[in-house]
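Student: Taking the hints into account, I'd like the entire structure generated from these sequences.
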Amino acid sequence: MNVNELAQKSVQYRRNILKYIVGAKAGHTGGSLSCVDILNVLYNNVLRVSPETFGSPTRDRYIQSKGHTVEALYVVLADKGFFPESDLETLCQYKSHYIGHPTRKIKGIEQNTGSLGHGLALSVGTALSAKLDELDYRVFTLLGDGELPEGSNWEAALLASHYKLDNLCAIVDKNTLQISGSTADVCNTDPLDQKFEAFGWSVRHVDGHDLAALQEVFDALPFAPGKPSLIIAHTVKGKGVSFMEGQLKWHHGVPNSEQYAQALDELEEAALALA
Amino acid sequence: MGDVTTVITDTKAGQANLDVFSSTLQELAATDRNLLVVTSDSRGSGKLVPFAQKYPKQVVEIGIAEQNLVGVAAGLASTGKNVFAVSPACFLTARSFEQIKTDVAYSNNPVRLIGISAGVSYGALGSTHHSLHDFAALRAVHNLTIVAPADNFETEQAIRQAAQLNTPVYIRFGKKPMPLLSEENKEFLFGKGRVVSEGDDLVLVATGETVYPALLAARQLEQTHGIRATVISMHTIKPLDCDLLATVAAKGCPILTVEEHSVYGGLGEACASFLMMNGFRNRFNIMGIPDEYTVTGSQVEIFNHYGLSENGIAQEALTLLGR
Numbered sequence: 001m002n003v004n005e006l007a008q009k010s011v012q013y014r015r016n017i018l019k020y021i022v023g024a025k026a027g028h029t030g031g032s033l034s035c036v037d038i039l040n041v042l043y044n045n046v047l048r049v050s051p052e053t054f055g056s057p058t059r060d061r062y063i064q065s066k067g068h069t070v071e072a073l074y075v076v077l078a079d080k081g082f083f084p085e086s087d088l089e090t091l092c093q094y095k096s097h098y099i100g101h102p103t104r105k106i107k108g109i110e111q112n113t114g115s116l117g118h119g120l121a122l123s124v125g126t127a128l129s130a131k132l133d134e135l136d137y138r139v140f141t142l143l144g145d146g147e148l149p150e151g152s153n154w155e156a157a158l159l160a161s162h163y164k165l166d167n168l169c170a171i172v173d174k175n176t177l178q179i180s181g182s183t184a185d186v187c188n189t190d191p192l193d194q195k196f197e198a199f200g201w202s203v204r205h206v207d208g209h210d211l212a213a214l215q216e217v218f219d220a221l222p223f224a225p226g227k228p229s230l231i232i233a234h235t236v237k238g239k240g241v242s243f244m245e246g247q248l249k250w251h252h253g254v255p256n257s258e259q260y261a262q263a264l265d266e267l268e269e270a271a272l273a274l275a
Numbered sequence: 001m002g003d004v005t006t007v008i009t010d011t012k013a014g015q016a017n018l019d020v021f022s023s024t025l026q027e028l029a030a031t032d033r034n035l036l037v038v039t040s041d042s043r044g045s046g047k048l049v050p051f052a053q054k055y056p057k058q059v060v061e062i063g064i065a066e067q068n069l070v071g072v073a074a075g076l077a078s079t080g081k082n083v084f085a086v087s088p089a090c091f092l093t094a095r096s097f098e099q100i101k102t103d104v105a106y107s108n109n110p111v112r113l114i115g116i117s118a119g120v121s122y123g124a125l126g127s128t129h130h131s132l133h134d135f136a137a138l139r140a141v142h143n144l145t146i147v148a149p150a151d152n153f154e155t156e157q158a159i160r161q162a163a164q165l166n167t168p169v170y171i172r173f174g175k176k177p178m179p180l181l182s183e184e185n186k187e188f189l190f191g192k193g194r195v196v197s198e199g200d201d202l203v204l205v206a207t208g209e210t211v212y213p214a215l216l217a218a219r220q221l222e223q224t225h226g227i228r229a230t231v232i233s234m235h236t237i238k239p240l241d242c243d244l245l246a247t248v249a250a251k252g253c254p255i256l257t258v259e260e261h262s263v264y265g266g267l268g269e270a271c272a273s274f275l276m277m278n279g280f281r282n283r284f285n286i287m288g289i290p291d292e293y294t295v296t297g298s299q300v301e302i303f304n305h306y307g308l309s310e311n312g313i314a315q316e317a318l319t320l321l322g323r
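If you read the sequences in order, they're chains A and R. Read in order, the letters of the first sequence are residues 1 to 275 in full-length UniProt numbering. Read in order, the letters of the second sequence are residues 1 to 323 in full-length UniProt numbering.
Hints are computed from structural coordinates only; laboratory data are not their basis. Hints are not guaranteed to be accurate.
[What the hints assert, rightly or not] Think about it this way: if two alpha-carbon atoms lie no more than 25 Å apart in a straight line, the pair counts; the simulated SDA-like pairs of lysine to any residue are:
#1 K164/A x V49/R
#2 K105/A x N143/R
#3 K101/R x S115/A
#4 K57/R x K107/A
#5 K105/A x A140/R
#6 K175/R x L216/R
#7 K101/R x L158/A
#8 K107/A x N143/R
#9 K19/A x Q259/A
#10 K54/R x L132/A
#11 K19/A x N256/A
#12 K101/R x Q93/A
#13 K54/R x H162/A
#14 K105/A x T167/R
#15 K131/A x D32/R
#16 K131/A x G63/R
#17 K25/A x E89/A
#18 K131/A x K54/R
#19 K131/A x N143/R
#20 K57/R x E134/A
#21 K80/A x E134/A
#22 K164/A x P56/R
#23 K131/A x Q53/R
#24 K57/R x Y137/A
Tutor: In structure tokens, the structure reads:
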């Protein structure tokens with residue numbers, strides 16, 4: 001998929017994220033909008049997985065550690081045909097399987113997550129299995145910058161390097177905001193690149209909304225033979241909707257009808273600009 | 001009534017559960033290249049050095065990082081690996097509780113969690129190293145079988161059955177050499193308690209390393225007072241064998257539970273809950289470690305201190321019987 005096609009997908013994904021969050025009256029809007037460009041490139045141009053190959057032992061794996069932004073994942077998986085998009089009309093409703101965090105009850109989701117600091121260890125185990133079996137699948141995991149103070153991340157980071165897991169790629173959706181404020185104020189994890197490099201990882205920075213740059217950085221994997229790769233994706237919380245961008249209150253804010261209409265207008269303009 | 005005088009013949013004399021665990025894993029690994037032992041610097045304490053020497057490619061060392069141990073084990077299991085995650089029970093179940101809940105049980109990654117040196121096996125190392133909370137904590141986790149084998153036979157069977165299970169399991173056992181409880185009744189199935197002695201006057205429901213002193217207590221009670229007890233090795237804490245409990249409770253005699261665990265939240269409370277909710281009103285008591293940090297001493301000394309011994313159990317039984 002070329003960059004323009006990807007860009008159109010991103011607009012559509014953003015529309016859908018808002019649509020289903022508004023329908024559910026719940027969801028993590030800001031983070032879903034910050035990570036959706038990453039998921040867009042991953043699922044459309046990087047991951048070797050499809051609804052048909054989801055059960056295959058050699059499929060690439062994607063594990064979403066920052067489980068609260070599952071709405072972005074649901075929207076992308078629906079677009080890729082893992083389940084009918086209309087299923088998302090039940091998002092967060094009574095007895096729906098489409099709950100507010102990833103669950104294996106949904107086709108396309110590899111692991112149940114939601115508690116923070118779990119995805120990297122799960123990914124290390126999965127990537128290690130590929131090495132043991134000499135299979136060439138890769139494992140991708142999306143971390144939030146707000147979840148990095150969980151110590152389990154650092155245990156897993158250490159082991160990934162110990163086992164030379166160059167089939168593992170972690171992406172940090174670095175939108176710099178978490179529920180209580182800026183990540184720098186809550187518990188500063190910078191300089192993140194130096195920390196991971198000291199743990200034996202190979203690290204690159206990217207603009208997490210530059211689809212061409214994302215494509216380029218994924219194409220460069222692994223960044224160094226024998227080392228796990230970390231992509232620090234610099235993103236904006238609420239990206240794509242002017243009044244949400246960089247605003248803490250949209251961490252799990254749900255737009256009212258006027259805000260929703262304005263957001264759709266802005267996304268329509270973005271779509272027209274691409275046409 | 002079973003012949004309790006013949007029960008303590010040990011066909012694997014001197015072997016600890018850990019030896020049996022290790023040798024059973026080696027047997028399984030001989031035909032299962034998919035079997036992995038995942039450890040947190042516990043190859044030595046888990047007696048897994050022979051396994052590691054024989055099957056070095058089937059050992060994954062995590063280092064001392066129990067949360068990571070369980071998370072990585074879950075990732076490995078998700079790819080079809082037959083994973084035995086081994087760590088001291090105290091750390092495995094306390095430090096990694098959320099990983100057990102979320103990565104293993106909630107995601108249904110069939111990890112075989114092996115808690116070694118459980119209960120007060122570490123004796124004088126103190127309360128940081130005692131695992132007296134694991135039944136309580138893990139009973140509340142859905143989709144997890146919880147097992148405490150009572151002898152070498154049960155340990156071997158538990159490991160073999162765990163290897164075949166497609167759901168998560170937690171198995172805990174101690175360090176010291178174990179007797180063989182019975183040459184009879186050699187059936188072992190998760191979720192089915194094992195009757196190792198039969199009688200109509202009293203029921204002793206024990207688990208893990210307390211089954212043996214319970215059996216000795218039963219023998220003493222018969223020899224000195226003519227009291228005949230049913231002794232059950234309730235090796236599976238969850239799912240509890242409620243059918244067997246109902247059957248023995250229907251006799252109407254007193255029921256005494258015994259466990260190497262806090263009196264809160266373990267086997268005893270599981271039995272009490274079932275019995276009360278199903279209308280049984282047998283006299284009942286729970287023996288275990290009281291709500292305190294344990295005294296210093298060896299496992300045997302600690303057992304004796306809290307009455308988890310032949311004499312202590314016999315005495316408690318007499319009290320319950322009103323004698």
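Student: Regarding the pair K131/A and N143/R, is the alpha-carbon distance no greater than 25 Å?
Tutor: violated (29 Å)
Student: Within 25 Å, alpha carbon to alpha carbon, are K131/A and Q53/R?
Tutor: holds (20 Å)
Student: Given the hinted pair K175/R and L216/R, is their Cα-Cα distance within 25 Å?
Tutor: holds (20 Å)
Student: Are the Cα positions of K101/R and Q93/A separated by 25 Å at most?
Tutor: Roughly 24 Å separates the two Cα atoms, so the pair holds.
Student: Is the hinted pair K25/A and E89/A satisfied, with a Cα-Cα distance of at most 25 Å?
Tutor: holds (11 Å)
Student: So if I understand the rule, the pair passes when the alpha-carbon distance is 25 Å or less; does K57/R with E134/A pass?
Tutor: OK: K57/R and E134/A at ~12 Å, within 25 Å.
Student: Between the alpha carbons of K101/R and L158/A, is the straight-line distance 25 Å or under?
Tutor: Satisfied, since the Cα-Cα distance of roughly 23 Å is no more than 25 Å.
Student: Quickly compare the C-alpha distance for K131/A and K54/R to 25 Å and report which way the hint goes.
Tutor: Holds, at about 20 Å.
Student: Is K80/A close enough to E134/A, meaning Cα to Cα at most 25 Å?
Tutor: Roughly 28 Å separates the two Cα atoms, so the pair is violated.
Student: Between K164/A and V49/R, does the CA-CA distance stay at or below 25 Å?
Tutor: holds (24 Å)
Student: Would you mind confirming whether the straight-line C-alpha gap from K19/A to N256/A stays at or under 25 Å?
Tutor: Holds - the C-alpha atoms of N256/A and K19/A are around 11 Å apart, at most 25 Å.
Student: Is K57/R close enough to K107/A, meaning Cα to Cα at most 25 Å?
Tutor: violated (33 Å)
Hint compliance for this structure: hints 4, 19, 21 are broken, all remaining hints hold.
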